[in-house]
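Peer 1: Protein sequences, first through last, are from chains A and B. Numbered by my numbering, the letters in the first sequence go through residues 1 to 112 in order. Numbered by my numbering, the letters in the second sequence go through residues 1 to 114 in order.
No wet-lab data here; the hints were simulated from the structure. Backbone N, C-alpha and C define an ideal beta-carbon position, used for all residues, glycine too. Hints may contain errors.
[To be verified] Chain B regions said to be covered by chain A (calculated; three or more residues, Cβ under 8 Å):
# : segment
1 : 28-41
2 : 50-61
3 : 105-113
[Stated by the list, open to error] Over the 10 Å line for every Cβ pair with chain B, so calculated as not near, a few chain A residues:
#  : residue
4  : 45
5  : 67
6  : 71
7  : 73
8  : 84
9  : 86
10 : 111
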Amino acid sequence: AQTVTQSQPEMSVQEAETVTLSCTYDTSESDYYLFWYKQPPSRQMILVIRQEAYKQQNATENRFSVNFQKAAKSFSLKISDSQLGDAAMYFCAGTTGNQFYFGTGTSLTVIP
Amino acid sequence: NAGVTQTPKFQVLKTGQSMTLQCAQDMNHEYMSWYRQDPGMGLRLIHYSVGAGITDQGEVPNGYNVSRSTTEDFPLRLLSAAPSQTSVYFCASSYLWGEGQPQHFGDGTRLSIL
Chain A
1 AQTVTQSQPE MSVQEAETVT LSCTYDTSES DYYLFWYKQP PSRQMILVIR
51 QEAYKQQNAT ENRFSVNFQK AAKSFSLKIS DSQLGDAAMY FCAGTTGNQF
101 YFGTGTSLTV IP
Chain B
1 NAGVTQTPKF QVLKTGQSMT LQCAQDMNHE YMSWYRQDPG MGLRLIHYSV
51 GAGITDQGEV PNGYNVSRST TEDFPLRLLS AAPSQTSVYF CASSYLWGEG
101 QPQHFGDGTR LSIL
């Protein structure tokens, strides 16, 4: 089994600034994958970024990047040049075997 | 591409009623799953399937049944609805489970049990 913890229920950021969302996880497996999903008010679940645990290089997708600290079991999401459209609930998730485990989410507000 | 299609989008039931939430995907994905989303609790896995004819329980399976007779469809059944089952339900699918493929989600079903 795996647990995923997001300790920041709410965050805010000024438009064009950078914000980092925290996530920690716990697993006994050596082979696993980590994800960040975005859920805007429309309720859709949108994949933001994916990280393979065996890769040391941090994943990057345009303005989104992760800081993957395997030893610390930390997987934070950095959003650069924040835009109004980034306002959403963000979920950290992990998978080993056949099940996905989600954190409780961080609600991000972008201030114009 | 339709992706993952869930029906209905909204439903109100009375306690004790039964109903089926439909989920279909047109991406030939092997893996399909159902989640419920409750405030402050993230998404929790109800049931999942790694292929036609194969289903298994997730974290919160009680009160729900599933079947997988085809690759495309994965319905979720509530046999006797209870107020505790009021939630938003998401169906998801992915390729090649076990290789960390991201899940594709439907738009969700908001279910209220009175």
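Peer 1: Counting residues of the segment 50-61 of chain B with a beta carbon closer than 8 Å to any beta carbon of chain A, are there 3 or more?
Peer 2: Per the Cβ count (4), the hint holds.
Peer 1: When I compare C-beta atoms, does the segment 105-113 of chain B have three or more residues closer than 8 Å to chain A?
Peer 2: Since 3 is at least three, the answer is holds.
Peer 1: Closest CB-CB distance from residue 86 (chain A) to chain B, is it above 10 Å?
Peer 2: Holds, because the least Cβ-Cβ distance between residue 86 (chain A) and chain B comes to about 19 Å, which exceeds 10 Å.
Peer 1: Quick check: do three or more residues in the segment 28-41 of chain B have a beta carbon closer than 8 Å to a beta carbon of chain A?
Peer 2: holds (count 5)
Peer 1: Is the nearest CB of chain B more than 10 Å from the CB of residue 111 (chain A)?
Peer 2: The assertion about residue 111 (chain A) holds, with a minimum of 23 Å to chain B.
Peer 1: Are all C-beta atoms of chain B more than 10 Å from that of residue 71 (chain A)?
Peer 2: holds, 20 Å
Peer 1: Evaluate the condition: distance from the CB of residue 67 (chain A) to the nearest CB of chain B exceeds 10 Å.
Peer 2: Nearest chain B Cβ is 19 Å from residue 67 (chain A), so the label holds.
Peer 1: Closest CB-CB distance from residue 45 (chain A) to chain B, is it above 10 Å?
Peer 2: violated, 4 Å
Peer 1: If we take the beta carbon of residue 73 (chain A), is the closest beta carbon in chain B still more than 10 Å away?
Peer 2: At roughly 17 Å from the nearest Cβ of chain B, residue 73 (chain A) sits farther out than 10 Å, so the non-interface label holds.
Peer 1: Beyond 10 Å from every Cβ of chain B: is that where the Cβ of residue 84 (chain A) lies?
Peer 2: holds, 22 Å
The structure does not agree with numbered hint 4 stated previously, though it agrees with all others.
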